[in-house]
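There are 4 protein chains.
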Amino acid sequence: MYEIRDPIHRTIPFSEREKRVIDHPYVQRLRQVRQLGLAYTVYPGATHDRFSHALGAMHVAGRMWARMVETSGELLRAHFSDDDLGYFRQILRFSGLMHDLGHPPFSHVSEKFMPPFNALDLPKAWLVTPKQDRQASHEDYSVLLIAALAADDTAPLSHDEAQDVASLVHHGVMPSAAWQKRFGENEGSKGIHRLLRSLISGELDCDRMDYLLRDAYYTGVAYGTHDMEHLIANLGVVDQPDRGLVRTIDSTAVRAFEDFLLSRYHMFLQVYLHKTTLTFDHFLEQALAEGEFELKIPGDAKGYARLRDSTMIERLFTAAEDERNVWSRRLVNRQPGKLIYKSTNSKQDEKELMAEVIDALKAAGVPYFEVTSHQYLSKSLPSVEGEGGPSSMLVRRKMFGRYVFEPIERFSALLTKYNESIDMTHLFVLPEHYAMAKSVIEKFAR
Amino acid sequence: MYEIRDPIHRTIPFSEREKRVIDHPYVQRLRQVRQLGLAYTVYPGATHDRFSHALGAMHVAGRMWARMVETSGELLRAHFSDDDLGYFRQILRFSGLMHDLGHPPFSHVSEKFMPPFNALDLPKAWLVTPKQDRQASHEDYSVLLIAALAADDTAPLSHDEAQDVASLVHHGVMPSAAWQKRFGENEGSKGIHRLLRSLISGELDCDRMDYLLRDAYYTGVAYGTHDMEHLIANLGVVDQPDRGLVRTIDSTAVRAFEDFLLSRYHMFLQVYLHKTTLTFDHFLEQALAEGEFELKIPGDAKGYARLRDSTMIERLFTAAEDERNVWSRRLVNRQPGKLIYKSTNSKQDEKELMAEVIDALKAAGVPYFEVTSHQYLSKSLPSVEGEGGPSSMLVRRKMFGRYVFEPIERFSALLTKYNESIDMTHLFVLPEHYAMAKSVIEKFAR
Amino acid sequence: MYEIRDPIHRTIPFSEREKRVIDHPYVQRLRQVRQLGLAYTVYPGATHDRFSHALGAMHVAGRMWARMVETSGELLRAHFSDDDLGYFRQILRFSGLMHDLGHPPFSHVSEKFMPPFNALDLPKAWLVTPKQDRQASHEDYSVLLIAALAADDTAPLSHDEAQDVASLVHHGVMPSAAWQKRFGENEGSKGIHRLLRSLISGELDCDRMDYLLRDAYYTGVAYGTHDMEHLIANLGVVDQPDRGLVRTIDSTAVRAFEDFLLSRYHMFLQVYLHKTTLTFDHFLEQALAEGEFELKIPGDAKGYARLRDSTMIERLFTAAEDERNVWSRRLVNRQPGKLIYKSTNSKQDEKELMAEVIDALKAAGVPYFEVTSHQYLSKSLPSVEGEGGPSSMLVRRKMFGRYVFEPIERFSALLTKYNESIDMTHLFVLPEHYAMAKSVIEKFAR
Amino acid sequence: MYEIRDPIHRTIPFSEREKRVIDHPYVQRLRQVRQLGLAYTVYPGATHDRFSHALGAMHVAGRMWARMVETSGELLRAHFSDDDLGYFRQILRFSGLMHDLGHPPFSHVSEKFMPPFNALDLPKAWLVTPKQDRQASHEDYSVLLIAALAADDTAPLSHDEAQDVASLVHHGVMPSAAWQKRFGENEGSKGIHRLLRSLISGELDCDRMDYLLRDAYYTGVAYGTHDMEHLIANLGVVDQPDRGLVRTIDSTAVRAFEDFLLSRYHMFLQVYLHKTTLTFDHFLEQALAEGEFELKIPGDAKGYARLRDSTMIERLFTAAEDERNVWSRRLVNRQPGKLIYKSTNSKQDEKELMAEVIDALKAAGVPYFEVTSHQYLSKSLPSVEGEGGPSSMLVRRKMFGRYVFEPIERFSALLTKYNESIDMTHLFVLPEHYAMAKSVIEKFAR
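Protein chains in written order, with this note's numbering: chain E, 25 to 470; chain P, 25 to 470; chain Y, 25 to 470; chain D, 25 to 470.
Next up, chain E with everything else stripped away, as it sits in the complex (with noise of 0.2 Å):
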């Protein structure tokens, strides 16, 4: 067993197995990435990288996995061998470890430059859909970085294992044959991938648990922490007659959950969606677009494990002494754009209030420039009718001597209050425009 230390869980333990893993330069390469991209120019405190964030979310996986066990093993032994359920407790936690992978350096802004999704050395057979007319992603990227390191000497990662992580990691991706001939039939096990997806990438999973928590203590804002020993604790499955096994939480867990889904609300709200951050990240946008320096995202596991952040910075940099190039120099020297309004797409009055200040700004002839963020603050809504939709976790509570389970969207009113999507648009103007900028705007002042 080796041990690494690590601020958020103290001590996060792993196998002879998994360090051969972890140390495969696909896996280090995430050293090398930070987890918020430039929000460490708002947040100084904000340094970390996707590294620890893969253990991390590794361990959390692990240990989600290890509650189920203890609090519903009775269930899950009825249906599966004590290698079947150590099969999925590995298998979370590399899905855990590698869920991110395929993240470019400064991820918001380089996967507008990523090439189209059938340039990539995927292995077809594990997709659903071999052909996407679309752009790639950086979760395609994770699959290509998964089944290359599968694919690699070293690494002590079978082909099937790899496919059944990737299955997690991915909605695109199915379970490998082996999977089908083991689980596929068995009735028993029906739910048990839905299951495991979920603890990766659902309501609750090990990935958000992890960066909340990870976030909130580098960037020393407090919004983002939460119970997560409560949570998990009062984790459970169940197995319902129409939908097999599905997840469950304590009803006492509830308010956790709800203080959970809240600290993620504000993280976006404080943290991820920073006015600052995203004037940068938009300069950086530009500097790109505009061929100030170059991006060139490789189709190939080998080429794009090359990309770093120090690659982008150091390119960044000496951009920036050539004068011409002003988003670099604007980006390094430090000179944000001024926000001017912001409004949420979703209210009406906010919306037309914006369109008229676009109208003015426009007709004065002030030069300006917009960011629209799109996050879906749930992973379940949008899919209500299929299987990751919030009813994915059910909530267990006593009543009347016996447990009853109830979609966890009816239980709580705040879930189904921020289970929407937070829709918003910035408009700036650069310094040199705000004192022209000012006397337009000062009209709409109250």
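FYI, nobody ran anything at the bench for these hints, they're computed from the structure. Treat the hints with care, since some could be wrong.
Copies of one chain are not kept apart here, so a pair can be met inside one copy or by any two copies together.
Stated by the list, open to error - As a list, the in silico SDA-like pairs of lysine to any residue whose alpha-carbon atoms are at most 20 Å apart:
| hint | residue 1 | residue 2 |
| --- | --- | --- |
| 1 | LYS136 | GLN264 |
| 2 | LYS148 | HIS162 |
| 3 | LYS362 | GLU27 |
| 4 | LYS214 | LYS299 |
| 5 | LYS43 | LYS205 |
| 6 | LYS320 | GLU338 |
| 7 | LYS467 | ARG420 |
| 8 | LYS366 | VAL428 |
| 9 | LYS320 | HIS132 |
| 10 | LYS320 | GLN114 |
| 11 | LYS43 | THR300 |
| 12 | LYS299 | GLY425 |
| 13 | LYS362 | GLN399 |
| 14 | LYS375 | HIS183 |
| 15 | LYS136 | GLY425 |
| 16 | LYS462 | LEU363 |
| 17 | LYS467 | GLN399 |
| 18 | LYS362 | LEU293 |
| 19 | LYS467 | GLY425 |
| 20 | LYS214 | GLN399 |
| 21 | LYS467 | PHE207 |
| 22 | LYS467 | GLU376 |
| 23 | LYS320 | ARG339 |
| 24 | LYS148 | HIS183 |
Remember, predicted model here, so these are calculated numbers, not experimental data.
Given chain E, work out where chains P, Y and D should sit, using these hints.
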């Protein structure tokens, strides 16, 4: 300057004069009264007393005011002298210190055995309504003890100061004649009394800020934590044409305020209304109601100050040695009632089910007892039209280069949502009746 | 399984059987006895009771053992069955829970009023020396209550278990005959009893680990914190040719261990021997010695269990209403003595100065009082030759590819340094004599 | 006023003028240099940069000073005007902010490749000894960058201020002529420069206080924590007949100070001198020494400011793609050396054993490498006779009604003990030589 160590605020400094008030037996008595009554029977860590809370509230009141003078000094200095501002500070700190002076031991229960309001030896001249046909409350006793403390030669508190302190602590007490003369006719000081009172007893006051942090710390429940530093840092004052001076909070702190509200909500559900505490409170009340031991609450300050937790604890344990005192015995021997059903009174279906369950128990001859809890989550809503309404705190935000001030309830959807009363009924049976009850309620299980 | 919330360990789980012991009145009594006696008069947060500490010690004892079984399972399983290991675990947890059962209210003071050892209703067969000409101690009362609890039909603790528990808690109690038979003749189990006892009462035991963290948490003093997680994680067991089974700690945790020792040292100087607490302890002792109120400590379990903090608090406040009871009044009215000088008895110059100061006070006829404190920082040194010596914990480190085991005192210079007793004398005068004293001591001022 | 969020100090406020210094590229460069170099390869959380530490040190310097003005205002105001006190505050904050400006990326290694002192473009008039035959250090570069920053039109720092700041940061820099004129001839201000410098670089300075808390926070190691609040709260100033103004700490904080020292000691042993970081440092040094990639350290400010971590990271990874660059590859592929033996140089038996082991490895032809570390735990001892000696902080305690001041080293046995240098040698072999080495060293195993 003196200093005292405190786990919540680390160090609480106070002056020589304040020390003399703090050392007065009426304040020291709070060391002998636990903050959360019988909650320690469920949360063993919750042994903290009202004395620490009093010091903490004093400290927070001073900090809030200091910050407001810092951020809005220009405005305040336009209307008040440095002496005035210093007086407000001192009155606020004393109010924080003494706001809970009148709590009897095991307040929730004992208050039900208080004498009529008119039996109290109160300074009638202070009161808006000197005679009232109702039972006295702990707030009335706070006024009684503040007045008596000021009347004591050893305490360095003038009669006028004491009245002004009482007027911040109790809504039925008017400020002193000296206050009226000093600030009453000055147009610029309009609203100052309401503003100061909102720091002692308002939506975001020294009382709540301290007790939420303290109760969370001592129970070990994470929910009560909130970002007090951020909340205080964003306080200010605005002068509104119609209403005079009003407290403000910057828009960047609205999320922290929502978190604060939610903390309170969760503390209610998880701690203050915990089912086991509720049954023990009920047992204590029954023991008193049936005369298993005596609780006589005197109407004079000196007599009242003899009431300590230990007084009741000793009587309770002595009573419990006699087999006939069944309620005392249940409490001492830790035999809580069994919860049968819990209904939120605002939910019609829950209320109806409750009625059905009760009917069934009655029909089957199963003894039961109900505990109905009624808590205002917000101190403001009931008097929206009045001065204590939520609009007593305005959100300040910059829009188009100018500050605008908006009522916080329009700004925060959460506030509206949680600004309700919590009405709840818990239905219990005694342990020895549970077997009977079980067969009755099983038919309600879905 | 049951769970209880605790601010130090978050959640403390326990079994149905343990619940029945925890709910026994002799354990519940600890809720009515504060852990730090009168320290709350100086550190107002320090209201925690011995019950929380008992739960915490139970929890830590179980965790230490679980870790040792984890790291040294092979060695332990070679000598013991799973039943044996489970028995040790249960006995350890019960010992943690009940080790302080015999503490009277305000222990430091009350112990001085205990009856002779021979007056106690102890199970003589358990004792190494059944008759002893000395005053009883709270440890003796712990044995008395453990035996009485086991004799009670309602508590699920056998007579043999109770004796084994008592043998871990009290050095004068032998393990049961059943224990002797089961483990006494087995060469492989040599040292096991000493090893288990070191977890309850040794250099690094469940008692100290819990109370340092707990006292630090409740007083708000940072010094008591230490890295319990790291300390537990590095525990193990080794089989030494001559001594049998001995506890080990890995060399990487020696720094954490030094930090733990220093924490203890600092807590003594800052909290446990705080000058104000010492004078109040002195006042309480005087009040009892001069019969201002009564404290009769019975020799039987049932009578002893009636002693609560509230018993003494009530008597104290009642006594203080009578003007003649000066000591009670000083305590209730918070008039601590004034510290004149503090000497460490091992420092010759300080001892000499103390003698001179006392002579001068005497000569001038100024009344004074001394409080002499005597505390062993380490439980081991006094019996270096015996089994409890510091070598009862060996440091394990890897050297040249092999593990070597060394006595911890050779490894840590700090341990040697702090492994002394703290002998201290505080010299006080009553406040009303301070003016007189001042003119006398001024000449000692440099 | 501006504010920045920081996980250690929660909120760090700064003025408009300070903002302009903070935003200068020479200060912003610290964002691109990690505080602990390669330590993140062992403690993945340790990604924090020197920028946060610079802000933190600025903040702590200001707080220490503010407290000293609070506790010793009368004394200070007798000698200095409010303008003087304000100037000291500003100079202290700037010194905290800029004290580490000259750190190159991966300081421990890069410093060895620095040019000669005389090649630096330093303001000669500032220096006590303008020409020196030695290699430049990062402290020299701090002076270089402070001077260059002041020379830059955009930064609001006068030449004199810059020199005064440099004189607090670097022992070889004199205060400005203006300073000499203003304070040099005033008898009452004797010692003030030494006193201010002790807050930047002394036994208890803003640098150490911030970095210990910060490094502990980011590594997740508890040892670095100490009670900064208590330490600051107990600072003061005394005027000594012979030495002028000297900093004091109250005797009640001596325990906290010991805890602070021990924290530092433990951080060295556990973090700063961790064996794995040492081997990676060694590999980086070898890669540079053997020219696997280039590091040229310019002697001018502008050129120097182009050095970032990313510069070296990019070169390192590029180098590692070539099979011949073995040191770069070991580092990138995470193949640390294997520790054979670690000796403390002050322990004769360890030194001798080390020599024997090395002889044995040599005899057997096993390649090895040594890393010798030399760290002063205390900045004071080496120059006991000089002004920086430990007596630069006096302990204030009340004795017989009067304050006495004693050198802290006489007060604290711990200080004496830990006031030594840590000299340590680690002996490693490369992983591929470990099998050979093992057979050699086995004979040393006891």
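The hints, checked one at a time:
| no. | hint | result |
| --- | --- | --- |
| 1 | LYS136 - GLN264 | neither (42 Å within a copy, 48 Å between copies) |
| 2 | LYS148 - HIS162 | within (17 Å within a copy, 54 Å between copies) |
| 3 | LYS362 - GLU27 | between (46 Å within a copy, 17 Å between copies) |
| 4 | LYS214 - LYS299 | neither (45 Å within a copy, 38 Å between copies) |
| 5 | LYS43 - LYS205 | neither (29 Å within a copy, 46 Å between copies) |
| 6 | LYS320 - GLU338 | both (15 Å within a copy, 16 Å between copies) |
| 7 | LYS467 - ARG420 | between (55 Å within a copy, 19 Å between copies) |
| 8 | LYS366 - VAL428 | between (44 Å within a copy, 15 Å between copies) |
| 9 | LYS320 - HIS132 | within (15 Å within a copy, 34 Å between copies) |
| 10 | LYS320 - GLN114 | neither (35 Å within a copy, 47 Å between copies) |
| 11 | LYS43 - THR300 | between (38 Å within a copy, 16 Å between copies) |
| 12 | LYS299 - GLY425 | between (52 Å within a copy, 16 Å between copies) |
| 13 | LYS362 - GLN399 | neither (23 Å within a copy, 45 Å between copies) |
| 14 | LYS375 - HIS183 | neither (50 Å within a copy, 52 Å between copies) |
| 15 | LYS136 - GLY425 | neither (55 Å within a copy, 33 Å between copies) |
| 16 | LYS462 - LEU363 | within (11 Å within a copy, 63 Å between copies) |
| 17 | LYS467 - GLN399 | neither (32 Å within a copy, 45 Å between copies) |
| 18 | LYS362 - LEU293 | within (18 Å within a copy, 43 Å between copies) |
| 19 | LYS467 - GLY425 | between (65 Å within a copy, 10 Å between copies) |
| 20 | LYS214 - GLN399 | neither (31 Å within a copy, 45 Å between copies) |
| 21 | LYS467 - PHE207 | neither (66 Å within a copy, 38 Å between copies) |
| 22 | LYS467 - GLU376 | within (15 Å within a copy, 56 Å between copies) |
| 23 | LYS320 - ARG339 | both (12 Å within a copy, 19 Å between copies) |
| 24 | LYS148 - HIS183 | within (13 Å within a copy, 66 Å between copies) |
Going through the hint list in order, the structure does not satisfy hints 1, 4, 5, 10, 13, 14, 15, 17, 20 and 21.
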